[in-house]
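K.L.:
In terms of the working numbering, the sequence shown is residues 199 to 420.
Check the hints yourself; a few may be wrong.
What the hints assert, rightly or not - Cut-off 30 Å, straight-line C-alpha distance, at most; resulting in silico cross-link-like pairs (DSS-like, lysine-lysine):
no. : residue 1 : residue 2
1   : 383       : 311
2   : 330       : 383
3   : 311       : 217
4   : 252       : 236
5   : 383       : 402
6   : 311       : 252
7   : 252       : 217
8   : 383       : 200
9   : 402       : 217
10  : 330       : 311
11  : 402       : 330
12  : 217       : 236
Unchecked claim - Computed Cβ-Cβ distance ranges for the label pairs, DEER-style:
no. : residue 1 : residue 2 : range
13  : 398       : 323       : 32 to 42 Å
14  : 367       : 343       : 15 to 25 Å
15  : 303       : 394       : 17 to 27 Å
16  : 235       : 402       : 32 to 42 Å
17  : 326       : 394       : 15 to 25 Å
18  : 233       : 213       : 41 to 51 Å
19  : 380       : 417       : 22 to 32 Å
In short, the hints are calculated from the structure, not lab data. The model shown is predicted, which means the values in this text are computed figures rather than measured ones. Cβ atoms here follow ideal geometry from the backbone N, Cα and C, with glycine treated the same way.
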Amino acid sequence: MKRLQTDVIDLYYLHRWDKQVPIEESVGALGELVRAGKIRAVGLSEVSAATLRKAHAEYPIAALQTEYSLWSRNAEIAVLDACRELGVSFVAFSPVGRGFLCGALDLSAFDAKDIRRTMPRFAPEHHTANLKLLPAFQAMACEVGCTPAQLAIAWLLHRAPHILPIPGTTSVAHLLDDLGAVDVKLNAAVMARLDAHINQHTVKGDRYNAQANSEVDTEVFA
199 MKRLQTDVID
209 LYYLHRWDKQ
219 VPIEESVGAL
229 GELVRAGKIR
239 AVGLSEVSAA
249 TLRKAHAEYP
259 IAALQTEYSL
269 WSRNAEIAVL
279 DACRELGVSF
289 VAFSPVGRGF
299 LCGALDLSAF
309 DAKDIRRTMP
319 RFAPEHHTAN
329 LKLLPAFQAM
339 ACEVGCTPAQ
349 LAIAWLLHRA
359 PHILPIPGTT
369 SVAHLLDDLG
379 AVDVKLNAAV
389 MARLDAHINQ
399 HTVKGDRYNA
409 QANSEVDTEV
419 FA
């Protein structure tokens with residue numbers, strides 16, 4: 199907090215729930231920080247609807263952050279509905295599919311520490327199959343009159359009012375491009391085409407490897 203030069207943090211996330219500790223205990227401790235005036239609100243990341251309900255019963259959860267995009271639909275199993283029911287904001291990270299939905303990526307250019315190197319979807323065999331989804335997606339962006347990144351984010355903005363996309367970038371140009379998504383209007387027909395084209399059935403490869411999957415509590419498709 200000294201490094202941030204602040205006396206209070208607006209939203210403090212439990213980014214990875216330690217499954218050896220009851221969620222009520224972890225959230226209860228965060229609630230104490232609210233009461234102490236150190237933080238203003240409590241957030242969770244990558245937890246299931248059941249865990250969210252337990253946590254929310256212990257102390258009100260303001261936001262739940264989970265990966266959500268056209269190509270990562272796990273949140274649709276239960277968490278989105280639970281957030282809506284409980285009045286919890288849903289923060290969708292990686293809304294452009296780890297960069298995939300922005301256009302073809304050069305896997306060989308990934309930094310040695312790039313987390314995508316460990317993700318099955320970016321393994322050569324899966325990535326090659328997933329690339330076949332891009333031409334039609336890019337064509338829809340042209341049809342709508344926006345960039346592919348804007349189309350991906352606009353899709354989220356049109357899904358529900360409690361969904362807040364949070365794209366990450368180190369580029370000002372990309373940030374400005376992302377912000378343009380708020381001006382993109384999608385009709386029901388385009389939304390349906392996007393849903394049918396990129397989803398859990400058409401994307402190849404899991405979003406995390408076995409180790410990373412063991413560290414999260416999100417629901418998974420059968």
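K.L.:
Need the list of violated hint numbers for this structure, in ascending order.
P.N.:
1, 6, 8, 13, 16, 18
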